[in-house]
Amino acid sequence: MKELILISLLGIFVLALDVLQLRKLTLPAIVLGLLGLMACCALDWNRNEQPFLEYGGMLLFDNTSLAFTFVFSFLALLWFLITRDQFATDAKRSDLYALTLFSLCGAVIMASYSSLVTLFLGIEILSIPLYVLAASDKRSVRSNEAGFKYFFLGSLASAILLFGIALVYGATGSFDLATIAAAGQSNSSLISIGCLMMLAGFAFKISAAPFHMWAPDVYQGSPTVYTAFMSTVVKGAAFAGMFKLFAIAFNDFTESHRSVFVAMIVLTLLWANVVGMRQTNIKRLLAYSGISHAGFMLAFVMLGASSDPKWLIYYVLTYSIASMIAFVIVNYVESYHLGMEDQDGFKGLVKKNPTLAIAMTLSLLSMAGLPPLSGFMGKYIIIGQCMRADLIGLTIIMILTSVVAMFYYLRIIMLMFTPLENAGRIIPEKGQMWIIGIGSVLIIALFFGASIFEIIQW
Amino acid sequence: MALLPNITIDHYLYFSTILFCLGIAGILYRRNAIIMFMCIELMLNAVNVALVAFSKMYGQTDAQVFVFFIMVVAAAEVAVGLAILMMLYRNMHTTETDVLDKLKF
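One line per chain: the protein sequences are B and D, in this order. Numbers given in my numbering equal positions in the first sequence, counted from 1, plus 5. In terms of my numbering, the second sequence has 68 at position 74, counting the first letter as 1, and numbering is strictly consecutive.
The following block holds chain D by itself, in its conformation from the complex (with noise of 0.2 Å):
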């Protein structure tokens, strides 16, 4: 942060809001199976920039060490979720989820 000594906590701060609240705006209003993935994902790196913003600010580096836990979990659910969608995909032929109404009363 010494380099641009204009850019403070509040705007890494800012810009990871905005970028988890595309991500939420993304699964909320996309349809496609592998758009909501990414937007998952966007989430995950937005929590990431805020986490390494605050181990910044703090000089510790327990953050940061967390971010690198999130990234191996972030891989996990990819891997789950992606052949969730692979079998989704053989059963109905496409991946949008529109189709995804057989359990309703």
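So that you can see chain B by itself, here it is in the shape it has in the complex (with noise of 0.2 Å):
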């Protein structure tokens, strides 16, 4: 509960900060608070022995939502700090770092929701400023139609899945997840049509397919800061939620509507993939590329109560560690391009600054899922599990999938290690560079970092 407090007060605090005219404090203040929410993570840890159900029973702050929260916060920190420059003239800064904020505030709901209702509030405080974030570019009609696209498709899903939580409380007359799992048993097809619709609208969300449409779209057309945090944070909430519902309060549903989640997952990795290969614009591209992790992802809440949840948190960190340093790099080619953001801009790159091209091909190598980065270990712990559920055609698939979108990461890293005539601007190497370095050296140290998470019990 505290953390969430932290992070509603600190939203709060920046705005503050923006009328009392003492904006420079602004970013130290976000990385103080939210190193304290890690702090405030790292405390509550293991403290299972009383029940830590908080808000009157409808927030529970367990080990996995806590590991959550802290994954959250690593990722805003990061963000923010490597988004340093593009803000540092923004005269609207306080603003739109606020929104993030609360957009954070909305993460932690939903990785910490015991109750249908929190986990509507949740969605909602995680969406809305989204949709005020990704057209905030005013002057762009393209970041108009993202901000458009994604306010209404995000509210289709949400009423969708609202629809959904209201067939589920009349099947079971409660929105407790614990009392819902305790009735889940009398399979009525009330509470099964619920939960497929609760699906669709989670589906919407993390942009599997059929309802991914929106995701290359929005991620295009919005400003490029804002893509990595949707494409990290954002989708990295959506599945926390997602797993705490179908994993563990419908795991009957789960369970005897395998066949569902089997065929969504299929569809997701076989579309994302052969669509991603014709892509010739890199936020389409990494927009893709997102949505076949998504089939990734929802894997392990399809195996539901047999996998350990802190194998989705590790797939989240190590794909969201990979995204945000593609994303962010793309942010600063496009910058010294005049808003090209065409794979042409990539030409040559390693020429331009050594350093980008570098960590871009880390980046993209470990979403392709090459050892040893850490990518590769997210995609060999899935597949092994769906293994040992005997899901032998879904790891096929999966294999051959992941070898077709190694050909489109490929293309990319060819483009920035061919050699140009005229190299062009030479892009100049910047303060926030160390960050872009820390973040490729962890790509590689939570390779090596899965073993710790072998030995963390929760």
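Quick caveat, the hints were computed from the structure, so don't treat them as lab data.
Keeping only pairs whose Cα atoms sit at most 25 Å apart, straight-line, the calculated SDA-like set for lysine to any residue is: (1) D/K50 - B/T184; (2) B/K143 - D/A77; (3) D/K96 - B/G350; (4) B/K315 - B/M6.
From the derived model, a few chain D residues whose C-beta atoms are all more than 12 Å from chain B: (5) L(-2); (6) P(-1); (7) N0; (8) I1.
A virtual CB, placed ideally from N, CA and C, is assigned to each residue, including glycine.
Using the hints, build the complex out of the two chains.
This is the structure we're talking about:
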């Protein structure tokens, strides 16, 4: 609970600093606040002996939620530091920062809800600031369009999710997850329809096929810094919520409707990788890459109680770091090519700025799943779990689509290392280049960090 | 429900489902952004009807309180959505969604 209060107060504090004309303190305050949030999570760790229900039993901070909260605050911290220069001259910086923090607040609720009411509120607190952020480049028609599409499809998804919640309430007479889980044995058709509608609503949020159409458009049109936030913290939060719902509360439903999940994963993987190959716009390409990763993470949800949440957290962490670095580099490159985000902007990047080229290569290879990068470990774990669950067809599709995906990641890498006659403008090194460096190191280090995850018990 | 004994929970549920489907159909077939907004509101209100009916059936107030939360969230959504729409109108001079085709490959 104190995590949630801290993050909301931090958002208000940032706005207050703007009113008091102390804008120089904004970023240090945010960094301190997020570090404090991480410390809170660490202090609350393993306090399972007393039931950790808060807010009238509507929030539950157990170890899984604390771990997710920790990961989200770490990713947000990385985001705030890595995008510092982008905001340095922006007069509306405080508003944008505050909105981002409120969105993070929604992410924390998504990791810690224990009632369907807080689930709905969390998903809306997560999304509404993002609609604003996606459309925040007011003069750009593309940003307007992205914001509009995100808003519309997002509210449509929320409405579908909400109808599902109403039906589940009708079947069980309770919003409380534990009560619903206990009543789940009845297996009425009302609860099945309700769960399917909630699954459709969540599929929108995580951009899984066949509800993924918005993702490439929104990722392309939004200002790239927010795309970086959307594809990492927001997607991770949606998965945290989804895991809690389908792997714990509706475990019966997930067991009995496994074929629905398998069909969704197969469709997501095939669609994302086949269509992704045709993309020449790098932001769209990364969006399709994000969709295919959503397919992998969905497998953790499908396996339900038999899969340990810590591996989902591991996957979210490794994918998010790689994705955030990739988007931030795209942001750099496009800001030096007058807004051109086509893949041609990456031609000969190694000459223009070797640090960026190497960091981009690392993150793309990690997303492709090459050892010894952390993305490989995540894919290895989920494929192993699917094999143990006797889903041989699914594992074959996962491996084949990973190979196909390799093709489009390698195309970008080859472009970056193509020697150019006329190298054009050199992209200067900037202050926060070291953060990209740290991120790249993390991508490698987390590969070995998997063994630490193996040891942690919760 | 006691006043009208012939109306059971099923009727409320059918009514709410029809409203919800009308909302979805409106979003799929209408191209005017304002109408699409109204359709979203219709869907949320369909949920409210279902929740209140279930709440009465179980004799609990949980769902009725939830309805107030939904209304608050709907108001927040409309505030953000209309702001986005205003911005779009300033740039495009129309509220028809057909003009939104800048983001295609």
